[in-house]
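Participant: Each chain, letter by letter, is given below.
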Amino acid sequence: MKNKINNVNLSKTKNVLTVDYKKDKIILWLFLSPAFIFILFANIYPICYTIFMSFFKYNKIIPGTVPVFIGISNYINIFKDVVIRESFLKTVYFVAATVIVEFIIGMLLALLITVNLKAMQYLRGFFLIPLMMTPVVAGTLWRTMFDPMSGPINYFIKLFGFQNIDFLGNASRALPSIMVVEIWQATPVVMFILAAGIQALPIDIYKAADVDGASKWQIFTKITLPLLKPVFFVALLLRIMDAFKVFDTIYTMTYGGPGRATELISMLIYKQGLKYFDIGKASTLSVMFLIIIFLISINFLRNIQKKEL
Amino acid sequence: MLNSDYAKIEDIMAKFKFRKVLGKVLLYILTIFIIIVIIFPFYWLVTTSIKYGIDISATPPIIFPNRFTLENYITVFNSHIGKYILNSFIVSISTTFLAVLFGSLASYSLSKTYIGSKIRNAFLIGVLIVRIFPPVVTTMPYYLIITKFGLYDTQVSMIITYVAYSIPFVMWLMLGFFQELPSEIDRAALVDGCNLWQRFTKITLPLALPGIAVTAIFAYIMAWNEFLYASVLTSQNAKTLPVLIASYISDQRIQFGPMTATGVLLVIPVLLFSILAQKYLVRGLTFGAVKG
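Protein sequences, first through last, are from chains P and B. So the first sequence is numbered by this note's numbering: it starts at 1 and just counts up by one. So the second sequence is numbered by this note's numbering: it starts at 310 and just counts up by one.
Think of the hints as simulated: they come from the structure by calculation, not from any bench. For every residue, glycine included, the Cβ atom is placed at its ideal position computed from N, Cα and C. Hints may be right or wrong, so weigh each one.
Cβ pair distances, simulated, as ranges [to be verified]:
1) P/Tyr276 to B/Tyr352: 39 to 45 angstroms
2) P/Asp210 to B/Leu331: 19 to 25 angstroms
3) B/Ser388 to P/Ile157: 21 to 27 angstroms
4) P/Arg302 to B/Phe377: 53 to 59 angstroms
5) P/Val180 to B/Lys588: 26 to 32 angstroms
6) B/Thr384 to P/Asn59: 23 to 29 angstroms
7) B/Glu493 to P/Lys25: 47 to 53 angstroms
Starting from the given sequences, assemble the full structure and let the hints guide the process.
Facilitator: Structure (C-alpha cells):
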C-alpha cells in the first residue's frame with residue numbers, strides 16, 4: 001500500500017521515506033521571481049544601458065542630438081583628462097583616509113565597550129545618532145557648524161586663542177572637513193561590528209594567556225587582532241564600499257567646491273550626467289568607477305575566503 | 310617569606326591600584342569626550358531651529374540661547390511641508406513593504422539548498438554586486454528611462470527605484486536570518502507531510518519575525534533618508550523631505566533657520582525610533598559581519 005502524504009512517499013523497493021521536491025521547486029521559483037524581475041529590470045538593465053552608452057557620444061544638452069558611436073574614444077579621452085585623474089586620486093585619498101581613521105577610532109571604542117559592558121549599554125543609543133542621521137541633515141548641520149562667522153567650531157577655536165578658520169571655503173581644508181563628517185557618521189558602525197566580533201571570541205584563549213602572564217598589549221596584538229581578522233576584513237570591505245558611495249554630504253556641504261577641491265568621482269558623474277547632460281562621458285566615468293570598485297571588492301573577497309580556510 | 314618580600318608585594322599592589330584609578334579616570338574623561346562629540350552636533354541642530362534669525366547669524370555664535378521662537382517651524386509649515394512629509398512617508402512605507410516582501414521570499418528560496426547550486430550562486434553574486442555599486446551610476450539611466458515613460462515626478466517612480474535599490478540589501482540580511490533558523494523543526498514538519506507553503510507560513514515565518522522586523526526598520530530608514538534619486542527624479546509633486554532640506558542652500562545664501570527646522574522634523578522620528586529599537590538595529594548592523 002502506498003502512503004502518500006503530500007510529497008512524502010514510502011518507497012516500494014527500499015524501506016525508506018523519500019521526498020518529492022518537484023512541487024516545492026515550483027513554489028520556490030515563484031518566490032524568487034518578483035525579486036528576480038526587479039533586479040533584472042531595475043538594476044541589471046540600467047547598468048547595461050550605461051555600459052552601452054559609454055561607447056557613444058551623446059550630449060543631450062543640445063536638443064535633437066542623436067547618440068553617435070565612437071567606440072572607445074570616451075575611454076581614451078578620460079585617461080587623458082587631468083581633471084578626471086585628479087578626481088580619482090581625491091576619491092581614493094578620501095576613502096583611504098576616512099576608513100583608516102574610522103577603524104583606529106572604531107577599534108579603540110570597540111575595546112572600550114567590551115571592557116566596560118554595563119556602562120556602554122546606556123551609551124549604545126547615543127552611538128546610533130550619527131549613524132542614523134540623514135546624510136543630508138548631517139551635511140547641512142556640519143556646514144552650519146563649520147561656518148567661519150556664526151559657527152560654534154570657530155567659536156571654540158577662538159576661545160583657545162587661535163585665528164578664525166574658513167573650513168569649507170578653503171581648497172585645502174574643504175576635503176578634510178567633509179572627511180570629518182563622514183568619519184563622524186560612520187565610526188559607530190565600525191565600532192559595533194568590531195565589538196560584536198570581539199565579544200564572539202572564545203574566552204578560553206584569554207584565560208590561558210592570563211595564566212601564562214601575557215601583558216595587555218601582547219594579548220591585543222597576538223590574540224585579539226589575529227582572531228578578529230575575518231570580521232575585520234568584512235567590515236573593511238563594507239566601509240570601503242560605502243565610502244566610495246558618499247554623495248549627499250559632499251552635495252550639501254560644498255557641491256564639489258571650492259573650485260574642484262571636493263569633486264570626488266560620484267560628484268563628477270552627477271555633474272556630467274545631470275547638470276551638463278553629457279551622457280556619453282558620464283557613462284564612461286560610471287563604467288570606470290564600477291570597474292575599480294569591482295576590482296577592489298574581488299581582491300577583498302579573495303582575502304576573506306583565504307582567511308576563513 | 311621575608312619581610313622585604315612582603316614590602317615588595319605591597320609596593321607592587323600600590324602601584325597597581327594607582328594604575329587602576331588612573332585608568333578609570335581616563336576612561337571617564339574619554340567617555341565624556343565621546344558623548345560631547347556625538348551629542349553636540351545634535352544639540353546645535355535643535356537649538357538653531359528654535360533660534361531667532363538674528364541670533365542664528367550672530368557673531369560670535371550663541372551657544373546657550375536664552376530666547377526661543379517657533380518662527381522657523383512656522384515658516385516651514387507655511388511652505389507646504391505637509392505634502393512633502395506625506396510623500397516621504399508614503400514612499401518609505403511602500404518601499405519597505407514591497408522590498409521586504411519580495412526580498413524575504415527570494416531569500417527564503419535561496420536558503421533552501423535544493424534549488425540548484427549554480428543558479429543559487431549566480432543569484433548570490435548578483436545580489437552582492439548590486440549591493441556594492443554606488444547609486445550615482447544608475448541615476449542617469451533612471452532619469453532617462455523614467456522621463457521616457459512619463460513617470461517623472463511621481464511617487465510610483467520613486468517607489469520602483471527605491472524597491473530596486475533596497476531588494477539586494479533586504480536579501481542580504483534575510484538570507485542570514487533564514488540560514489540561522491534551526492532546520493530540525495522544518496525537517497520534522499517535512500516528514501510529517503507539510504508542504505512548502507505550510508512550512509513557510511506556519512514554521513519559518515513566525516521564527517523569522519524578529520529578522521523581518523530588523524530588515525523592515527533598516528529598509529524604512531534607508532528610504533526615508535535617501536537623497537540622490539529623490540533630487541533627480543522629483544520636482545514639485547513627489548518631492549521628499551531630504552530634497553527640501555537641500556533646497557534651502559542656494560548660491561546666494563543658506564536659510565539656516567528653516568533648514569534646521571526641517572532637519573529636526575526629518576531626523577527626530579528616525580532617532581527616536583533608533584533609540585527605542587537599539588537592540589534590533591545593532592543586531593542588524595553586525596549581522597553580515599559576524600558569523601555565529
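Participant: Checked against the structure, which of the hints given earlier come out wrong?
Facilitator: 3, 6, 7
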